[in-house]
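Produce the complete structure using the sequences and hints provided.
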Amino acid sequence: MSEKIPGLNQTDSKTILEIRNLDISFRTSAGIIHAIRGVNLDLCKGETVAIVGESGSGKSVTMKAVMGLLDSNATVNSGEILYTYTDAQGKSVTTDLLKMSKKDLRQNINGQRIAMVFQDPMTSLDPTMTIGKQIMEGMFLHERMDRGAAQARALELLNLVGIPDAEKRFKNYPHQLSGGMRQRVVIAIALSANPDILICDEPTTALDVTIQARILELIMEIQQKMKLSVVYITHDLGVVAKVADYVDVMYAGRIVEVGNVNEIFFEPKHPYTWGLLSAMPDLDTEDDRLYSIPGSPPNLLREPKGDAFAARNRFAMAIDEKAEPPLFQVSPTHWAATWLLHPDAPKVDMPPELRARLERARKEAEKYL
Amino acid sequence: MSETIQREPLLEVRNLVQHFPISRSYTVKAVNGVSFNIYPGETYGLVGESGSGKTTIGRSVIRLYNPTSGEMIFQGKRIAGRMDGETREMLRRDMQMIFQDPMASLNPRKKVEDIIGEGLKIHHMGETKQERQKLISEMLKKVGLSPEHAARYPHQFSGGQRQRVGIARALIMNPRLIIADECISALDVSIQAQVVNLMKDIQEETHCAYLFIAHDLSMVKYISDRIGVLHLGYMVESGTKEEIFSRPIHPYTRSLLSAIPHPNPEVEKRRKALTYDYASSGLDYAAGSEHLIEGTHTVLGTDGNVRQWLAECPEP
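In order, the protein sequence lines correspond to chains A and B.
All residue numbers for the first sequence refer to this note's numbering, where the first residue is 10 and numbers rise by one.
All residue numbers for the second sequence refer to this note's numbering, where the first residue is 755 and numbers rise by one.
Some clues are possibly wrong.
[As the list claims (entries may be wrong)] Computed list of lysine-lysine pairs in PhoX-like fashion (alpha-carbon distance at most 25 angstroms, straight line):
(1) Lys-112(A) with Lys-142(A)
(2) Lys-1026(B) with Lys-236(A)
(3) Lys-108(A) with Lys-23(A)
(4) Lys-356(A) with Lys-331(A)
(5) Lys-895(B) with Lys-875(B)
(6) Lys-331(A) with Lys-54(A)
(7) Lys-1026(B) with Lys-376(A)
(8) Lys-1026(B) with Lys-975(B)
(9) Lys-888(B) with Lys-875(B)
(10) Lys-865(B) with Lys-234(A)
(11) Lys-54(A) with Lys-895(B)
(12) Lys-112(A) with Lys-73(A)
(13) Lys-372(A) with Lys-1023(B)
(14) Lys-1026(B) with Lys-372(A)
(15) Lys-875(B) with Lys-896(B)
(16) Lys-234(A) with Lys-1026(B)
(17) Lys-54(A) with Lys-23(A)
(18) Lys-111(A) with Lys-73(A)
(19) Lys-1023(B) with Lys-975(B)
(20) Lys-376(A) with Lys-1023(B)
(21) Lys-1023(B) with Lys-236(A)
(22) Lys-895(B) with Lys-864(B)
(23) Lys-975(B) with Lys-372(A)
(24) Lys-236(A) with Lys-73(A)
(25) Lys-1023(B) with Lys-23(A)
(26) Lys-376(A) with Lys-356(A)
(27) Lys-73(A) with Lys-23(A)
[Stated by the list, open to error] A short list of chain A residues far from chain B (calculated; beta carbon distances all over 12 angstroms):
(28) Gly-88
(29) Ser-133
(30) Thr-137
(31) Tyr-182
(32) Ile-231
(33) Asn-269
Hints listed in this document are in silico derivations from the structure and should not be mistaken for laboratory results.
In this text, a Cβ means the ideal position worked out from N, Cα and C, and glycines have one as well.
If you want it as structure tokens, here you go:
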């Protein structure tokens, strides 16, 4: 069935999470905010998908819907989130997470099969509990382990996430650890029930660059060891380049471009992706000005007419004001929602500065191939 | 570059020490003898991980803290220790700060015009209300907002616009030095570029100097003329951005540079960042002294350390 839906990579690997036509709005005092406007997304076993976008683009909301963590003022208007897993009897089961009750989700899915790592390790840890206790909590709850086994497993996890002196640290409180160590503890907690999917919501934004690199390398290492599927939510394209297999670029509640990581970084098609890539300072150029996308993201209180990005797009055409572009296929795995890809559209190439930069990046990449 | 060096520095910091006594037996040694100069119209970037003391230095310089010891000279006046009224007024007027979180640093109960105009009132700049209002609306235009925004409250703006208000508040005093403490870290990538471009434009126009504090090295490289690398309260390396980026000497600087993410998946996937751990490196920052490599490039270390590092990283 996935063959028919635009914007999905047709790979042979087994999909474990399928988001179909997700549509979510929020009731607020100012009116109804239509935050997610038809999102399709696939996650395959053992792969990494990164969702990129500015704050307010809906990347976190999409993943919160998967976890059943939406705020009470949210309404899911349509869509389904199909999660496929192997149950205790070894049968393959597919369920729609949106149709499950909150209680059911908490007992059977959250933490156990789909785990999440949040941005700020200090707010996601309980300051009044030792880290050992916090890691074991999930094991008591989900797997009904006895104390001895849980403790042994917790120590094993602390070692896995690279915390030195695990026995000593076991009795520490979160405030006694540094930011990087705390995030390692959060990852250990997320892994405590052997999940299939790990969702990382800006896992390194609150951390320093040196520690960021180490945490990302750690997650990648664990992913390979445990055959995890990982979803990253981030606005840092450097992080995306390091970890992702597939990239979904979100803007104003829609996925505007999707492709594998090389397609997005070397052959981007959507003007918004061009803007994001150009806005990153490049260590190799002596450009005087940094390219910036003019304006700010649209307010979704008012339904955007036509293409939501049109107002900030210097390549916008008349049709962008009238109709929302569908996803056009570029390659079997690469899709972009911009009218520039329509056969009747004038031939527009990315800005020459970006073209030159990508050319340089490709040359650099070739050295490694 | 040589031209800058001959000029009189705008701010001179010598052996700044900032300790915070927590109890009788425990003192947090945030900054341990840091020296640097900032020249008029240039941007000095301070980088380092959290806890390295970069924010403390900014706050000590603008005298939000009382420095434990050390000398600071701003526009020829001593600003460490007790200041006379005139110096204090000069400092409060000519040195301004832009904070990290624009929401936390703007009073939610005040209108933008009152936030921006407060300094004008205090320093009696602009005689009448009309005159002040004129200055405020000019400033709003300069930072890319419209004069109608003056009557709004901070919550009515987006993050990038709020940061523009913060910049307008700093700029309206026509300062000579602006301390920008992680002023773009809380913003989105596309908005970061807008704010950095704005800061560059303003510098070109007013020739103010920036002390740019950040942990994002690629942004620091983009905006700074000279860079100081801090670690654990010591300035381990400093120099022009070309010197630092083309030939990093100190192992900490090298690990910091290697950690910068590249927007290039093929490179990024195969690269491992260098690790650096002070405790296991066997270095003692307190024992090191400043060594001049070339030009303005200095490194902190003992003679033996520096000789070894220089051998490790040959001239490009």
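Quiz prompt | Unsatisfied constraints (hint numbers, rising) | solution = Of the numbered hints, 6, 10, 11, 26, 33 do not hold.
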